[in-house]
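**Q** Protein chains in written order, with the numbering used here: chain A, 25 to 519; chain B, 25 to 519.
Each hint should be verified, as a subset may be incorrect.
The list treats identical chains as one, so a pair stands whether inside a single copy or across any two.
Said to hold, decoys possible - Calculated cross-link-like contacts (lysine to any residue; reagent style SDA-like; alpha-carbon spacing at most 25 Å): (1) LYS257 - ASP365; (2) LYS471 - GLN204; (3) LYS471 - ASP362; (4) LYS471 - SER346; (5) LYS257 - SER346; (6) LYS257 - SER462; (7) LYS471 - ALA73; (8) LYS471 - GLY373; (9) LYS471 - SER421; (10) LYS257 - GLN166; (11) LYS257 - ARG464; (12) LYS471 - VAL355.
Worth flagging that the hints you see were computed from the coordinates, not collected in a lab.
2 protein chains.
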Amino acid sequence: MSQPARLTALPAPVRDPFAVRWPLASTVSDRERGPLPHGSPGAVLRRTAEVLGEPRIPSTGVGESAALDLIAGLLDEHGIDLSHPHAAAHLQPPVLQVAVDADALASASNASMDTYDSGPATLAIEQWVVRALASLAGFGPQADGVLTPGGSISNLLAILIARDSAAAAAGIDVRRHGLQGFDRPVVFCSELAHFSVQRACAALGLGEQAAITIPSDFDFRLRVDVLAEELAKPGRTPVAVIATAGTTDFGSVDPIAPIAALARQYGAWLHVDAAYGFGALFSERLAPLLADVPLADSVTLDLHKIGWQPAATSVLLVADRSRFAAFDRSVDYLNPADDIDSGLDGLLGRSLQTTRRPDAVKVATTLTAYGRAGLGTMVDTCHELAHAAAARVVADSNLELLAPVTLTTVLFRVAGQGLDATGLDALQGEVRRRLLTSGRVLIGRTKLPARGGRPAAVALKLTLLNPNATATDIEDLLDQVVATGLDVLTGEGAA
Amino acid sequence: MSQPARLTALPAPVRDPFAVRWPLASTVSDRERGPLPHGSPGAVLRRTAEVLGEPRIPSTGVGESAALDLIAGLLDEHGIDLSHPHAAAHLQPPVLQVAVDADALASASNASMDTYDSGPATLAIEQWVVRALASLAGFGPQADGVLTPGGSISNLLAILIARDSAAAAAGIDVRRHGLQGFDRPVVFCSELAHFSVQRACAALGLGEQAAITIPSDFDFRLRVDVLAEELAKPGRTPVAVIATAGTTDFGSVDPIAPIAALARQYGAWLHVDAAYGFGALFSERLAPLLADVPLADSVTLDLHKIGWQPAATSVLLVADRSRFAAFDRSVDYLNPADDIDSGLDGLLGRSLQTTRRPDAVKVATTLTAYGRAGLGTMVDTCHELAHAAAARVVADSNLELLAPVTLTTVLFRVAGQGLDATGLDALQGEVRRRLLTSGRVLIGRTKLPARGGRPAAVALKLTLLNPNATATDIEDLLDQVVATGLDVLTGEGAA
Ligand SMILES: Cc1ncc(COP(=O)(O)O)c(C=O)c1O
Ligand SMILES: Cc1ncc(COP(=O)(O)O)c(C=O)c1O
Chain A
25 MSQPARLTAL PAPVRDPFAV RWPLASTVSD RERGPLPHGS PGAVLRRTAE
75 VLGEPRIPST GVGESAALDL IAGLLDEHGI DLSHPHAAAH LQPPVLQVAV
125 DADALASASN ASMDTYDSGP ATLAIEQWVV RALASLAGFG PQADGVLTPG
175 GSISNLLAIL IARDSAAAAA GIDVRRHGLQ GFDRPVVFCS ELAHFSVQRA
225 CAALGLGEQA AITIPSDFDF RLRVDVLAEE LAKPGRTPVA VIATAGTTDF
275 GSVDPIAPIA ALARQYGAWL HVDAAYGFGA LFSERLAPLL ADVPLADSVT
325 LDLHKIGWQP AATSVLLVAD RSRFAAFDRS VDYLNPADDI DSGLDGLLGR
375 SLQTTRRPDA VKVATTLTAY GRAGLGTMVD TCHELAHAAA ARVVADSNLE
425 LLAPVTLTTV LFRVAGQGLD ATGLDALQGE VRRRLLTSGR VLIGRTKLPA
475 RGGRPAAVAL KLTLLNPNAT ATDIEDLLDQ VVATGLDVLT GEGAA
Chain B
25 MSQPARLTAL PAPVRDPFAV RWPLASTVSD RERGPLPHGS PGAVLRRTAE
75 VLGEPRIPST GVGESAALDL IAGLLDEHGI DLSHPHAAAH LQPPVLQVAV
125 DADALASASN ASMDTYDSGP ATLAIEQWVV RALASLAGFG PQADGVLTPG
175 GSISNLLAIL IARDSAAAAA GIDVRRHGLQ GFDRPVVFCS ELAHFSVQRA
225 CAALGLGEQA AITIPSDFDF RLRVDVLAEE LAKPGRTPVA VIATAGTTDF
275 GSVDPIAPIA ALARQYGAWL HVDAAYGFGA LFSERLAPLL ADVPLADSVT
325 LDLHKIGWQP AATSVLLVAD RSRFAAFDRS VDYLNPADDI DSGLDGLLGR
375 SLQTTRRPDA VKVATTLTAY GRAGLGTMVD TCHELAHAAA ARVVADSNLE
425 LLAPVTLTTV LFRVAGQGLD ATGLDALQGE VRRRLLTSGR VLIGRTKLPA
475 RGGRPAAVAL KLTLLNPNAT ATDIEDLLDQ VVATGLDVLT GEGAA
């Protein structure tokens, strides 16, 4: 493999001089190996399956420690190491050891959030967590929230509440009678909104076509002028407008204030999907990006993205807790009226789940352990790493920066002199796959939307969420991207 | 408090003489205290909230160990102890320590199931788990499955697949266009089916009224004759029939074979909700109850019920893996076509989630550690405990047995000479609340459906899922129930 010359030096290391290495967890012992196992996906999965053997429950067991050794061995050898500084693909951070320890407490208690007597303490812990997060977002005392199994489900719950409340305004009780007669309900979101919006529309019976996607501007933000035009079109019932605060790939934040004004004008629910971006609120420097979040009726936030929590740690905040009434339910075996009258209530009426794991335990522990300042420093470190990486990309003629840094992602591609658009796209895909199968570098990819005549294009993506990674680590990573790009272009070392 | 005479001796301890105490986890250190904290719900939650303080993220943290001490202290003092032998309320078992340890590995890896490069090894582990479980259920090689955040969500996903496939048969593409034009879709289930069926119908846009509930017979099983009549009614589109294999309160198993025949006749999807009952398959003795499960198109099973796993460990099995196509989705940043062609696929297309925690890690570890025999012994022990408890109830004139034992629940009530139906109902509620607030005994309650002129009645319920509990423990528990009943009846020691 040819080693390209380093074209530029990076700025001095970005680590906060007061921070020691953040204590992150990992299930991979060999730190030298790289973030992924070496080999093609097929070969890696086959090796794992071979160790597990026939998919049959054995008639007698091998005992706890042999079983743990077996599974831990598989995670070590064929699993992912997100704490590796070259893991930079997805909104999937390495996790804080303290969160893992606290999550084990949650598992050991097996408390559930649905009733008082399925786990008292965790009810109060979740309430503390959601109120603390609502307060960080700038919401008032009427706000409340619930932990959910992921950002996709948080978005679904928000759209469900919006759907039922818009239907109620039209005299339709969806909960009892279904959607029959509800006149073309639609939701609006950016073309860069997360696809869970479309999935939710399909699941909720609205159909994917109910999600009207609005083009984004040159900063990857929803175009408010187009939203205004679309909202003005007759013959549809606007159920919700979804603003993304931190798009998955670009980190761009839709203009929440004018979107909120339009949503209000048309009587639509305003949901802010801050699954990725909410963590910016931990940082003094980045928090202004989310200043208008309190204009929302509901907010999705994922602390298993920026927040360094193990999945799932998603939260749905609502500005007005009475909106959870959409999930109210009285059940003879869980919350009969005379028990409720005696104070024996739980949080069954916050979601579609019955048993619900106390995911708030790890969040309460982490927020208490690190405070806003600790998490803010981690955010700032990753943000600076992204800027350093972007600077390195800009200064390298083998690479091309494709978007400005907003949060912690960097969009770029490998330059391919003389390649047409198709060839360039294929190059990016091939570079990434070679890196992945090498096991040494794990980066992401996505598609850059078409812009002013230029067609959509495949982009490579760094999602920088490891606060222990240094500028040097990222420089090494990009060196390997460039070298692999040259290999592909010169036909060397094909997989 | 008056001590009632013991009216009967229990049979000899039911524990398997070869089994040592099962290693169960707990976050409560004081085994003497009881399964719940002492005090009214309001007081307990207030004390917990006071320790947490204002719901604000502190600006600086207290460090990992102080934070863990704080939260662990709250779980210890104000949390639930499911490993206590007097915890017998819900389908919420104490959990095996090995599952907790393995779950901590899952947290530490923070792998996700959506793509290959978000965690290779766990893809193979989940595939092994779902195939091993499908094989235990008797399904063929076409079967497959997915882990979900709970039985309620598994049921929702099953009804979603059924909805979309029934609509497709009627020429309607719900996923794209929504439910408009789909003529009165309905699902059928027993009146004793879990309420998550109704919740799913509401969420999916069908409305709760789409769930047609069929009365149950004297054995608490769905009445097939009534189902046949209902299916024959014109003007509705039968989307699915749901058989419950192990009703939440009674453990009763609906007659799956005749239900399957009817579902087939009317072209409806057959979903078996074995959230509770599936664990019977671990036991040689109880497995015949579920012999007809392979007739189902889909099955919900919860290993966080019988299975001793921390929540959530639900699985949706489908007899034909191609039915997961309902969730297929191609996403630029996750699974673009050229990556799929290169084998870089994940399990995004199995559910509505994007990030998905590798809950299969603990299951694979537990199944390997204990084998079917180990888990079967645990099931049998709990089943025998239930029989012992029922015998004790029958022999006690202060108590009344209300249903036969099928799996591990016992339905009974405190006798109240001279009380009318309302008084009897109130008595049960009061007895349970006093026991709960005492912290010493945690039992459940539910409503016995009306039968042959007798109105619906409040019942007390033991859900016996602790394989370390002995017949003596349950005898103690029932002694306390009787004593509390006498206290209430004589007006002593009111709360
Ligand atoms: C903006 C946004 N919203 C929602 C989601 C979905 O979150 P989850 O993966 O937790 O379901 C993502 C995931 O990347 C996201 O980036
Ligand atoms: C028969 C049955 N189905 C479904 C559920 C829902 O399961 P979960 O609590 O995991 O959502 C339950 C819960 O008790 C149940 O008993």
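**Q** Against each hint, give a clear statement of whether it holds in the structure.
**A** Now for the hints, and whether the structure bears them out:
1. In this homomeric assembly, LYS257 and ASP365 never come within 25 Å of each other (Cα to Cα): the closest approach is 48 Å inside a single copy and 41 Å across copies.
2. For the homomeric pair LYS471 and GLN204, neither the shortest alpha-carbon distance inside one copy (37 Å) nor that between copies (33 Å) is at most 25 Å.
3. For the homomeric pair LYS471 and ASP362, the shortest alpha-carbon distance between copies (13 Å) is at most 25 Å, but the shortest distance inside one copy (56 Å) is not.
4. For a Cα distance limit of 25 Å, the shortest separation of LYS471 from SER346 qualifies neither inside one copy, at 40 Å, nor across copies, at 28 Å.
5. For the homomeric pair LYS257 and SER346, neither the shortest alpha-carbon distance inside one copy (31 Å) nor that between copies (39 Å) is at most 25 Å.
6. Neither within a single protomer nor between protomers do LYS257 and SER462 lie at most 25 Å apart by alpha-carbon distance, with minima of 52 Å and 61 Å respectively.
7. In this homomeric assembly, LYS471 and ALA73 never come within 25 Å of each other (Cα to Cα): the closest approach is 33 Å inside a single copy and 46 Å across copies.
8. For the identical chains of this complex, LYS471 and GLY373 are inter-copy neighbours only, at 20 Å across copies versus 39 Å inside a copy, given an alpha-carbon limit of 25 Å.
9. For the identical chains of this complex, LYS471 and SER421 are intra-copy neighbours only, at 21 Å inside a copy versus 73 Å across copies, given an alpha-carbon limit of 25 Å.
10. In this assembly of identical chains, the alpha carbons of LYS257 and GLN166 never lie at most 25 Å apart, being 33 Å within a copy and 47 Å across copies at closest.
11. Neither within a single protomer nor between protomers do LYS257 and ARG464 lie at most 25 Å apart by alpha-carbon distance, with minima of 51 Å and 63 Å respectively.
12. Taking CA atoms no more than 25 Å apart as the test, LYS471 paired with VAL355 passes between copies only; the shortest distance there is 9 Å, against 47 Å inside one copy.
Checked against the numbered hints given earlier, this structure breaks hints 1, 2, 4, 5, 6, 7, 10, 11; the rest are met.
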